[in-house]
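Got two chains here, separate frames each, mind docking them using the hints?
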Amino acid sequence: MRKKDFMRAPAPRAWSSFFKSLKKSDSGEPPPILKSWRNLYFVVLANLLFWIVLFTLFTWMFK
Amino acid sequence: MSHIDWAVLILSLVFIVIYGVYKGRGSRDIQGYLMADRNIRWYIVTLSVMATQASAITFISTPGQAYSDGMRFIQFYLGLPLAMIVLSITAIPLFHKLKVFTAYEYLENRFDLKTRGLAAGLFLIQRGLASGLTIYAPAIILSTLLGLNIYITNLILGGLVIIYTASGGSKAVSWTQTQQMLIIFVAMAGACFMILHFLPRGVSLTDAFFVAGKMGKLNAIDFSFDLSNRYNIWSGLIGGFFLALSYFGTDQSQVQRYLTAKSITHSRLGLLANGIVKVPMQFFILLLGVLVFVFYQFTAPPLFFNSVESRNIRGGQLGEQYRLVERQYEVASKEKSELIKKLIQARHNNDAIALTNVGQQLDEAEKKVSGLKTQGVALIRQHTATADIGDTNYIFLYFVLKYMPIGLLGLIIAAIFAASMSSTSSELNALASTSVVDIYKRILKKEGSDRHYLRVSKAMTVGWGIFAIMFAQYANRLGTLVEAVNILGSLFYGTILGIFLVAFYIKNVRGAAAFYAAIIAEVGVVSCFLFTGISYLWYNVVGCLLVIIFSIPISYILEHRKSANG
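Residue numbers (the numbering used here), protein chains in the order written: chain A, 760 to 822; chain B, 27 to 592.
If you are wondering where the hints come from, they were derived from the structure by calculation, not from laboratory data. If you're wondering where the values come from, they're calculated on a predicted model, not measured in any experiment. There may be inaccurate statements among the hints.
[To be verified] Below, computed lysine-lysine pairings styled on DSS-like, alpha-carbon distance capped at 25 Å: (1) K822(A) <-> K393(B); (2) K822(A) <-> K394(B); (3) K367(B) <-> K822(A); (4) K360(B) <-> K140(B); (5) K140(B) <-> K822(A); (6) K368(B) <-> K822(A).
[Stated by the list, open to error] Some chain A residues judged to face chain B by a derived CB distance under 7 Å, without partners named: (7) L799; (8) N806; (9) F814; (10) F817; (11) T818.
[Stated by the list, open to error] Just a few of them, taken from the derived set where beta-carbon distance is under 8 Å, the chain B residues facing chain A: (12) L104; (13) P107; (14) M110; (15) I111; (16) L231; (17) F235; (18) A238; (19) G239; (20) L244; (21) A246; (22) I302; (23) V305; (24) P306; (25) M307.
The beta carbon of each residue, even a glycine, is placed where N, CA and C say it ideally should be.
This is chain B alone, in the form it adopts within the complex (with noise of 0.2 Å):
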């Protein structure tokens, strides 16, 4: 990077810190501390919650995802806005009219305080260290990539969010997340308009749109049902509401942010405006990983876009044998090239045999250099056992890295960074408002004053926040375990959300059965864990339908000992 992209990366960061502890000052009470004084509008509500689940991973894998798997994951969406839906007429109101801080505390309103604890404790939990790795995750990328140190970069990403976050809470979160949104968008907007630049002259838009779907690259919907296929339309409607409904409706980092809002309207629109903006958004992001993908058929790619990895293995025992698949590969993907110049030139000129013809040959000339980055990859695995061998997040940052001009490449870091410190300042907000409302103001010290409550959640939002860095700091000595903690997540949230479920759709159900169901869920969902080979998104479903179906007979022998006893 240039003295300039520092520049810009720098005083975007800067900025964003300054902003948040300007936006956050004057809190005098945790009602102003961890609800921002319930004041925010909508369309503030609206960038909160997309920035909150918008990490910084969003925009370095996304593109990525479509380069090597075409458009698909966008049915993963489709299933969003329905949830948005069913939550502005189920949960917010209940919300709202209860004034509650966090949604567990919901649970005490509808049950009793264990089913609370519990839904709190586990959050807690599985946020806690899932904020570890939100820093961490981009912090592995960025750190490869520029060369930079893995632990200054964890410091810088948690440090900066611990400054504007500690000291302005959720108002200097939810002002944030509208500057870090701003940066996002003109980046992603400059990022493609510089690759549809870079595309040969005389190849449009058309051009590359046919060049993508030619080689299965805009495979946006599958109407095939397969339960083996993660990405179709129906488990995007279906399992992607599941989710949505677990994630905004459960999840407190996210209900946090629509609970700020100034009314319950504002919190409907803030999140129905989300569940209008949202499907494009992810739309735009897969476009520019396919436009990445046109682009390097015209230009060759290199063999992996890891280029610690590559560097490796050029310098060790297999460095020539890899070297020469490498030579391979540049010669076999320019004889692509070519092909697919024909293709646009038959297409140009409506040839239909030679369309056909091209598009065989085509078909040939990939599977060669698939089959070239195959063996690459199988040198990297024997030269390195624990070499990360999936090079999908590398792909848009080294597309950026070489290719952006000065001044826009800052600036794609600096969204990047952005949308890492956007996730991580939501979860420690949520994470301080668990733990002083849900735990400490509720079980620990019930009687204290506005000024101690104050500054126990500010105590605890750097509390959390150094639990995060260290935990980011560890995460590349954990190997596998990186993996069990995204799996840690899928193990808690069906539960969570089977207890909400109950809580708003079955009213005879009372708190000691839905806290019974939900202990047996739990059981049920590590068992499927550990003695099933289920796949893991499955749990939440699972976890879910437990709860539901156990907490109504559970409720039913309760009530009938009750009033068999007295």
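One chain only, chain A, in its complex shape (with noise of 0.2 Å):
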């Protein structure tokens, strides 16, 4: 992605339209945005992944 088009979505415009599709997907299916519910479990295990490796760095760099 082009720094141009990085500085076209905003933070804010990418949050409302997440709001915005998840008030149409009220009836158990994923909100549009995230297109699957794979991609959320995804990050939740990213984010799993992320903090291990963060405590794993901090207990080897403060040992």
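This is how it looks when you write it as structure tokens:
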């Protein structure tokens, strides 16, 4: 993604489209912005992995 | 506490109660009262689930645990995000599709009434007793340090919760929990800011971590596989996963929180957001404890943080001996502080030789300080045989009461009250739901009007609340029975999880087989408790596996007999 494209998608707009897409998905479908629940499961797993790596570095750095 | 602190505390508590009563008004049937009309948004579900799990003890004990034992407790939570994913895939769609009020209602759909009754009964016994302890545990610490009467503290904690939970039901519980979490987050952020402010001039955050690391407190991850070691990454990922699966998937106090969501999407997002936020939140709370530890490396800590026990021994026959140990402890702590300052200086100068030398001296100084603490604790035990010799629970509150500025102190105490109230309210709400939906409405009075069941639900909430307060009032006379109640939870959790796992994943097993397997598993778990030395944390695994292992052959035998008979 070019820098200019990145600048065109500010965070607040992303959040508002997330909440809008959530309103449309009250039936149980994943919010369209996520495309699939699998994407969110990967986010949760990636977040867990991030913290495990951070804690490992934390333990190792300040041993 | 000053008048301003009392004002902050009282205003916060009164606000929570009024807000709960206001937000919970208008329920006309049990769908509205117990399930909040299934209209709660995902971020409220997240906060509600977090508030239910985080009791007052989480905020009182966890920093103390980091102070004494380091950061390794964080590994206990590593299995939680995995459990959130599994529950989002399996339990949530099932519960929503069947539009159940309680997790145990699903068991009747899948198995039969007796299996539902067994699981609901086990939950009522376990959670009913635990709700008393949720009130008692913070009340005993708050009353000790603030000089309040324990019975009045129990009454205030329990009474305030009954007012808004009975009046507003699930809506009141979910909405007040968002406010309670807000108070907790603000108070903890304020405490963190003040601890950093109290570090001596010239000691940066990196220096603080360096000191904590040298003293073995930043042991967040341990990759060694050791079954006797309670906290390592493997026990955290595997054991923590099973525990979280059991707690969030089968305990009505949690299940009810995400069943109030307006759709499967909102339930899933609520739980998955909890899976994302929980680990950093616990890390932050543990970090507070480590920073308090670093603070006490520059300021001599008391020999024993439970000031009541210290006061008792000072006034007794061993008082003189204890005061002598206290003086020696203070001198040894000051010597240790000087060494730590030298260590930081050596780090700033990149002096490897000095770092090694001072590090060795520091180890010796730490041994001396620990030895004196052991002497002091031994004297306390000698003075009062029944004395509580663990002071971990008192460390954070002692620090807060001694050093926090006016206003923030009141807010932190309010956060601890709020944490206790949030857990208790979920418990009372869940106990009322299970009593009404699984027992009263299903077995005792099947035909009743909406108004009748609503009235019974409110009465049940008040009834369980009064039971919890009464249990809390007697808890200090029960002694070791308090620990027995905690063990009681582990005696049942594994069996309930086993029933649910069989229901979810082993399609051939019918109700009778699951029921008999659960009875055998429960006997097995109780036998482990009575006749073996297995740590009670393993009972979850034993109970769960026994249900799964026995349900399959029993199912085969019953089916075989049925086909033979006819």
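Going through the earlier hints one by one, which of them does the structure break, listed in rising order? 4, 5, 16 and 25
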